[in-house]
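First to last, the protein sequences are chains A and B.
With the first letter of the first sequence counted as 1, position 241 gets the number 241 in my numbering; the numbers rise by one all the way through.
With the first letter of the second sequence counted as 1, position 204 gets the number 204 in my numbering; the numbers rise by one all the way through.
Note that these hints are calculated values from the structure, not bench results.
Just so you know, not all the hints are guaranteed correct.
Unchecked claim - Anything over 10 Å on all C-beta distances counts as not near chain A; from chain B, calculated: (1) ALA33; (2) PHE63; (3) TYR188; (4) MET339.
As the list claims (entries may be wrong) - The list that follows gives simulated cross-link-like pairs (lysine to aspartate or glutamate, EDC-like), each with its CA atoms no further than 20 Å apart: (5) LYS35(A) x GLU193(B); (6) LYS201(B) x GLU227(A); (7) LYS35(A) x GLU19(B); (8) LYS294(A) x GLU191(A); (9) LYS35(A) x ASP55(A).
Keep in mind the model is a prediction, meaning the values are calculated, not measured.
For every residue, glycine included, the Cβ atom is placed at its ideal position computed from N, Cα and C.
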Amino acid sequence: MDPESIRVDLEHEAVDAERLRLLAVQFQFDDQAYKRASELAGLSPDADMWTGLIDRFLLVYGTALIVAGVAAFFAYNWDGLDKFAKFSLLEVAIVICVLMAWLKKLDSLAGKSGLFAAGFLVGVLLAVFGQTYQTGADPYSLFLGWALLISGWAVIGRQSGLWLLFAVLINLGLILYWEQVLNPAMEGVGEIGRIFGPFLWLFLMMSDYQLAQLVFVVNALVLIAWEYFSGQGVHWMQGRWFPRVIASFALLAAVAATLLLIFAQFLTDKDDQLFLGGIGFLLFIALSSGYYRKIRQDLYILASCMLSLIVVVTSAVARALEDDLDTGWLLLSLLVIGQTAAGAVWLRTVARSWRTA
Amino acid sequence: MKADRQRSLAEVFGRLEAEGYLEPGWQEQVGAAMATFDQKQPWYVRAMVGFGAWFASLLLIVFIMSVDFVSTSGGHLRFGLMLVAAAVMLRRSLVNDFARQTALALSLAGQVFMAIGMDWFDLGDDFELAMLALILINSLLIKFYPDSVHRFLSVIIIMSSWVGLLYYWETQFLLSWLTPLLTIGFVYLVLQERRFVVDRKDLLIRPIAAGLMVSAFGCVMLSTVYIIPELILNFEFYPHPWVTTLACGLILLYLEQKLLGKVLREMRSWPAIVVSYLTLLLMTAALAAPGLIFSLIVILLGTAQGNRSMSGAGLAFLTIFTAAFFYGIQTTMLMKSAMLVLTGLTVLLGRALLLYALRLPQEHDDA
Numbered sequence: 001m002d003p004e005s006i007r008v009d010l011e012h013e014a015v016d017a018e019r020l021r022l023l024a025v026q027f028q029f030d031d032q033a034y035k036r037a038s039e040l041a042g043l044s045p046d047a048d049m050w051t052g053l054i055d056r057f058l059l060v061y062g063t064a065l066i067v068a069g070v071a072a073f074f075a076y077n078w079d080g081l082d083k084f085a086k087f088s089l090l091e092v093a094i095v096i097c098v099l100m101a102w103l104k105k106l107d108s109l110a111g112k113s114g115l116f117a118a119g120f121l122v123g124v125l126l127a128v129f130g131q132t133y134q135t136g137a138d139p140y141s142l143f144l145g146w147a148l149l150i151s152g153w154a155v156i157g158r159q160s161g162l163w164l165l166f167a168v169l170i171n172l173g174l175i176l177y178w179e180q181v182l183n184p185a186m187e188g189v190g191e192i193g194r195i196f197g198p199f200l201w202l203f204l205m206m207s208d209y210q211l212a213q214l215v216f217v218v219n220a221l222v223l224i225a226w227e228y229f230s231g232q233g234v235h236w237m238q239g240r241w242f243p244r245v246i247a248s249f250a251l252l253a254a255v256a257a258t259l260l261l262i263f264a265q266f267l268t269d270k271d272d273q274l275f276l277g278g279i280g281f282l283l284f285i286a287l288s289s290g291y292y293r294k295i296r297q298d299l300y301i302l303a304s305c306m307l308s309l310i311v312v313v314t315s316a317v318a319r320a321l322e323d324d325l326d327t328g329w330l331l332l333s334l335l336v337i338g339q340t341a342a343g344a345v346w347l348r349t350v351a352r353s354w355r356t357a
Numbered sequence: 001m002k003a004d005r006q007r008s009l010a011e012v013f014g015r016l017e018a019e020g021y022l023e024p025g026w027q028e029q030v031g032a033a034m035a036t037f038d039q040k041q042p043w044y045v046r047a048m049v050g051f052g053a054w055f056a057s058l059l060l061i062v063f064i065m066s067v068d069f070v071s072t073s074g075g076h077l078r079f080g081l082m083l084v085a086a087a088v089m090l091r092r093s094l095v096n097d098f099a100r101q102t103a104l105a106l107s108l109a110g111q112v113f114m115a116i117g118m119d120w121f122d123l124g125d126d127f128e129l130a131m132l133a134l135i136l137i138n139s140l141l142i143k144f145y146p147d148s149v150h151r152f153l154s155v156i157i158i159m160s161s162w163v164g165l166l167y168y169w170e171t172q173f174l175l176s177w178l179t180p181l182l183t184i185g186f187v188y189l190v191l192q193e194r195r196f197v198v199d200r201k202d203l204l205i206r207p208i209a210a211g212l213m214v215s216a217f218g219c220v221m222l223s224t225v226y227i228i229p230e231l232i233l234n235f236e237f238y239p240h241p242w243v244t245t246l247a248c249g250l251i252l253l254y255l256e257q258k259l260l261g262k263v264l265r266e267m268r269s270w271p272a273i274v275v276s277y278l279t280l281l282l283m284t285a286a287l288a289a290p291g292l293i294f295s296l297i298v299i300l301l302g303t304a305q306g307n308r309s310m311s312g313a314g315l316a317f318l319t320i321f322t323a324a325f326f327y328g329i330q331t332t333m334l335m336k337s338a339m340l341v342l343t344g345l346t347v348l349l350g351r352a353l354l355l356y357a358l359r360l361p362q363e364h365d366d367a
């Protein structure tokens with residue numbers, strides 16, 4: 001290795017716990033040297049760091065628990081509490097949260113927590129409204145109305161948490177609208193899913209290929225918009241967890257749509273649009289592989305794409321081998337091993353190329 | 001030291017040289033080590049590898065079953081042993097990724113065949129024998145199979161087998177004790193991590209610690225499972241969750257004393273005493289929700305160790321547990337509400353007192 005490039009690298013490479021561990025072994029550090037290196041690297045938090053962490057974590061943790069507790073209280077639907085008392089309590093809570101956001105400023109953690117809590121409580125207020133007056137409205141209207149009401153706060157809030165809440169509400173509203181209005185045949189499937197919990201419900205809903213395609217498109221568009229504005233340098237959009245979550249939503253829906261295409265023979269109701277799921281999936285994988293490798297380095301999304309590809313390719317081969325599955329199982333097993341190994345090598349190569357670039 | 005900036009390798013190692021911990025000329029050695037570091041994978045890539053191996057082993061099992069390659073119990077046992085032995089040899093002799101994946105899949109498939117074939121011994125209950133075999137073989141493989149993903153999976157398999165046996169023996173009341181025991185094991189290994197690195201045992205110990213952490217979380221999640229009494233009479237999935245809360249609360253108290261000592265200046269000062277009382281209050285408020293305290297332990301430990309993956313895991317545990325706890329129906333919504341609000345208020349009160357005690361201006365978070 002060229003000594004000059006080593007010097008440059010060392011000045012740009014940050015020390016994290018994993019690297020320090022490796023170097024401690026390499027240099028055969030004793031306990032004292034390792035401890036001192038951890039201190040110098042800022043890995044063993046000092047008083048200031050602890051204070052900052054305690055401050056931030058406990059604020060978010062406490063607020064989240066209280067908001068969840070308030071939601072549980074109204075979900076209990078206590079008969080002893082007058083309806084006006086319920087509305088007053090919730091509205092006062094929302095006003096307090098908004099005031100906190102205003103007084104503490106929207107860019108502070110307290111302000112962000114306040115605005116997020118207010119956004120969450122709006123949904124509880126809508127639920128209590130529906131509970132009290134038995135409006136007969138379909139549940140999708142609750143989620144879409146909730147999203148609409150908090151959209152203004154999401155725009156001015158400059159925080160990914162509120163945008164994620166918004167995105168989840170849009171997804172849920174869309175799925176429920178599909179189930180209750182556009183394709184009521186899915187309502188029976190949805191009812192079964194709901195008995196066993198929200199995850200099974202979501203899984204069963206994704207067995208409708210048109211809905212899966214729609215959810216994929218919505219999340220892909222959200223991701224594209226986020227990456228565009230993030231690329232424009234919007235400072236609060238620089239964190240990576242929001243795009244990672246949305247990319248995971250998009251990939252799950254795209255994989256569901258593609259698997260339904262692969263195993264289309266089992267579908268009773270299908271049309272020519274079925275193949276769009278596969279095209280969308282391949283397009284997403286191709287574009288993401290390029291974008292997250294060359295332009296915005298994100299190994300998590302690349303690994304997610306790789307895993308999705310393994311699932312889809314294995315399913316496609318299984319479908320092709322269905323007449324000779326006895327020996328096909330062995331082939332599939334080797335195929336999974338080969339793809340996983342190749343995927344791990346590729347991801348490592350990509351990560352290395354970023355370091356040496 | 002500021003929390004908002006990571007130090008570079010040059011800065012840290014330069015200071016170590018200046019303070020006499022390193023000889024001059026360390027630059028080249030660090031550069032070479034960094035090239036080795038490129039071989040390390042982040043947790044989500046390791047998770048992908050683990051998933052691939054598990055899925056491949058499943059397909060392999062289906063293949064062997066479908067071709068009727070082995071049909072007797074003795075055959076299953078021998079074949080399973082062969083697969084595991086082949087996996088160990090393959091992993092110890094070759095280091096490329098394909099060999100690793102193959103070995104992992106062979107080992108997992110082999111263990112399943114061994115468990116199926118245990119009735120060959122005709123020593124008693126087949127389920128008990130299968131679980132005990134899995135515990136035994138994985139205890140050995142932790143030592144002899146030099147792979148972090150496998151070691152992690154071995155701990156999970158061992159603990160899952162124990163949990164299966166506890167349910168089978170209808171002694172699931174012990175689960176409320178098993179979770180704190182696993183937590184103690186995990187906390188001990190993490191606190192001793194520096195010593196293990198110095199002794200070059202970290203490659204063995206770290207996956208075990210991660211396995212214990214995930215196993216403890218798996219156990220604590222069982223406390224949110226509830227079966228309608230009409231379906232199974234008098235069956236409790238996780239009796240006495242309060243035992244786990246109290247035991248984990250004591251572990252949290254110990255960690256606060258150990259890790260936050262410097263921040264609280266003297267452990268006998270009033271902020272430290274207040275923190276201890278608030279932790280006791282937290283334990284009372286979260287009595288039926290042991291996952292809340294367990295998650296705090298993981299987050300605190302991860303932060304203290306500068307291990308962001310661990311802190312992230314703690315946050316993920318907290319979110320998943322709270323969602324499952326909220327959705328479960330064993331406790332009424334009113335009780336859950338009281339518990340969550342009280343816990344939240346306790347946390348906020350603790351934060352305010354701590355910040356006051358540390359003479360930190362309340363406007364800190366506006367900065």
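Okay, the hints, checked on the actual structure:
no. : hint                  : in the structure
1   : ALA33                 : 4 Å, violated
2   : PHE63                 : 3 Å, violated
3   : TYR188                : 17 Å, holds
4   : MET339                : 7 Å, violated
5   : LYS35(A) x GLU193(B)  : 11 Å, holds
6   : LYS201(B) x GLU227(A) : 42 Å, violated
7   : LYS35(A) x GLU19(B)   : 13 Å, holds
8   : LYS294(A) x GLU191(A) : 44 Å, violated
9   : LYS35(A) x ASP55(A)   : 25 Å, violated
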